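Based on the sequences and whatever the hints tell you, model everything.
Residues 1084 to 1366 in the numbering used here are what the sequence shown spells out, letter by letter.
Read the hints as simulated data drawn from the structure, not as lab findings.
These numbers were taken from a predicted model, which means no experiment stands behind them.
C-beta atoms are modelled at their ideal positions from N, C-alpha and C, and glycine is treated no differently.
Just to be clear, a hint being listed does not mean it is correct.
[Claimed, not checked] DSSO-like mimics (lysine-lysine), calculated; alpha carbons at most 30 Å apart, straight line:
| id | residue 1 | residue 2 |
| --- | --- | --- |
| 1 | Lys1241 | Lys1187 |
| 2 | Lys1315 | Lys1288 |
| 3 | Lys1187 | Lys1223 |
| 4 | Lys1326 | Lys1288 |
| 5 | Lys1259 | Lys1223 |
| 6 | Lys1284 | Lys1315 |
| 7 | Lys1288 | Lys1207 |
| 8 | Lys1308 | Lys1288 |
| 9 | Lys1207 | Lys1259 |
| 10 | Lys1303 | Lys1187 |
| 11 | Lys1187 | Lys1198 |
| 12 | Lys1303 | Lys1340 |
| 13 | Lys1284 | Lys1340 |
| 14 | Lys1326 | Lys1295 |
| 15 | Lys1223 | Lys1241 |
| 16 | Lys1187 | Lys1259 |
[What the hints assert, rightly or not] Cβ pair distances, simulated, as ranges:
| id | residue 1 | residue 2 | range |
| --- | --- | --- | --- |
| 17 | Thr1090 | Glu1153 | 41 to 51 Å |
| 18 | Arg1363 | Asp1270 | 49 to 59 Å |
| 19 | Lys1241 | Glu1356 | 47 to 57 Å |
| 20 | Gln1115 | Tyr1267 | 51 to 61 Å |
| 21 | Asp1359 | Gly1260 | 42 to 52 Å |
| 22 | Lys1241 | Lys1315 | 33 to 43 Å |
| 23 | Met1351 | Glu1228 | 29 to 39 Å |
| 24 | Glu1333 | Leu1238 | 47 to 57 Å |
| 25 | Lys1308 | Gln1278 | 10 to 20 Å |
| 26 | Glu1114 | Tyr1167 | 19 to 29 Å |
| 27 | Leu1362 | Asp1270 | 44 to 54 Å |
| 28 | Asp1273 | Glu1356 | 33 to 43 Å |
| 29 | Met1171 | Arg1277 | 26 to 36 Å |
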Amino acid sequence: MRNLQVTIDSNSGFCFGVVYAIQMAEDLLDEQGYLYCLGDIVHNDVEVERLQKRGLRIIDHDQLRELREEAVLIRAHGEPPATYHIAMQNNLTLIDASCPVVLKLQNRIKTSYDKDERIFIYGKHGHAEVMGLLGQTSNKAVVFENLDELMQHELPSKITLYSQTTKSTNSFYNIKGTLEQKGYEVDANDTICRQVSNRDKDLRKFAAQFDKIIFVSGTKSSNGKVLYQVCKDTNPATYFVSKVEELQPEWFADGDKVGICGATSTPMWLMEEVRDILLREAV
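What follows is the structure, given as C-alpha cells:
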C-alpha cells in the first residue's frame, strides 16, 4: 500500500453558471420526475449520467423541433434566437439557465451587429456557447480559433473583436496587439469570465506544490483541455482522468503528495471520489 497525501484544489469544480443550471435541473426533477435539457447540461459524462438517472432527458435541436407542450432547460452555454422561436411555435416552456456572463455577451454582440460592425469571435467552432453568439449576428460573424486562422480572412480596416467567455485572456490580448501592430483598428470587447480565466494562475500555483497531479475532467470539456495543459506545463507529472476507473497504480510512489484538480465542468463529488480511492486503496 502506498502512503499518499492527497489534497483537492478548493478553487476547482463547477463555475457559478454550471452550479445554477444543475441546481435548477435538480429542483425541477424533484418536482416533476423528469426534465428535457437541450444538449448536455455540462461537459462531463459522469455528471450527465447521474442526472439522467434522476430523470433528465437530453435532446438535440432536431428533437426540440418535434417536441410539443413540454418544459425544456436551456443550459449555461446559452442558445441562439432560433431556439426561442421554435419554443414559441411548439408551445414549449423554456427554463433558461443561461449563464449571466454569456447573456451579457450575447446582448453586446447583438448591439454591435445592429450597428453593422464587422464582428470577429475568438472561440471554438461548433461550441454551444459560440453557436449562441453567432445566432445574435444571423450567423454573419466570423469565428476563429487562432491568429493564423483569422489572418486567412480578408479583414476590414476596423475590427470588432469578441471572445468566447472561457478563452484565455492572454491569448485574447495577444491577438488584439498583433492586429494593431499590423495596422488594424481593433474594438476589443473583453467578455472573458474571470472566474474561469483566473483559474489559470491559481492552477499553476496549485500544481507546483505536489509530486503528482490528477486532473479530473470530461473529455468533451474545452475548458478541461486548456486547464489540463496549464497543469501539465507547470508539473509534467500531471495525469488526466475522466472517471476513477482510469487511475493507474504505476503513476504513484510511496509517500507522494498528490493534488487533485479539475475543470469548471468537473463536479466536486467526482474529485472527492478520486481522493477517496487514492486514500483508501492507493489504487
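A quick look at each hint next to the structure:
no. : hint                          : result
1   : Lys1241 - Lys1187             : holds (23 Å)
2   : Lys1315 - Lys1288             : holds (12 Å)
3   : Lys1187 - Lys1223             : holds (19 Å)
4   : Lys1326 - Lys1288             : holds (24 Å)
5   : Lys1259 - Lys1223             : holds (21 Å)
6   : Lys1284 - Lys1315             : holds (13 Å)
7   : Lys1288 - Lys1207             : holds (27 Å)
8   : Lys1308 - Lys1288             : holds (18 Å)
9   : Lys1207 - Lys1259             : holds (17 Å)
10  : Lys1303 - Lys1187             : holds (25 Å)
11  : Lys1187 - Lys1198             : holds (17 Å)
12  : Lys1303 - Lys1340             : holds (28 Å)
13  : Lys1284 - Lys1340             : holds (20 Å)
14  : Lys1326 - Lys1295             : holds (17 Å)
15  : Lys1223 - Lys1241             : holds (16 Å)
16  : Lys1187 - Lys1259             : holds (21 Å)
17  : Thr1090 - Glu1153: 41 to 51 Å : holds (44 Å)
18  : Arg1363 - Asp1270: 49 to 59 Å : holds (55 Å)
19  : Lys1241 - Glu1356: 47 to 57 Å : holds (51 Å)
20  : Gln1115 - Tyr1267: 51 to 61 Å : holds (52 Å)
21  : Asp1359 - Gly1260: 42 to 52 Å : holds (46 Å)
22  : Lys1241 - Lys1315: 33 to 43 Å : holds (38 Å)
23  : Met1351 - Glu1228: 29 to 39 Å : holds (30 Å)
24  : Glu1333 - Leu1238: 47 to 57 Å : holds (50 Å)
25  : Lys1308 - Gln1278: 10 to 20 Å : holds (18 Å)
26  : Glu1114 - Tyr1167: 19 to 29 Å : holds (23 Å)
27  : Leu1362 - Asp1270: 44 to 54 Å : holds (52 Å)
28  : Asp1273 - Glu1356: 33 to 43 Å : holds (36 Å)
29  : Met1171 - Arg1277: 26 to 36 Å : holds (34 Å)
Checked against the numbered hints given earlier, the structure satisfies every one of them.
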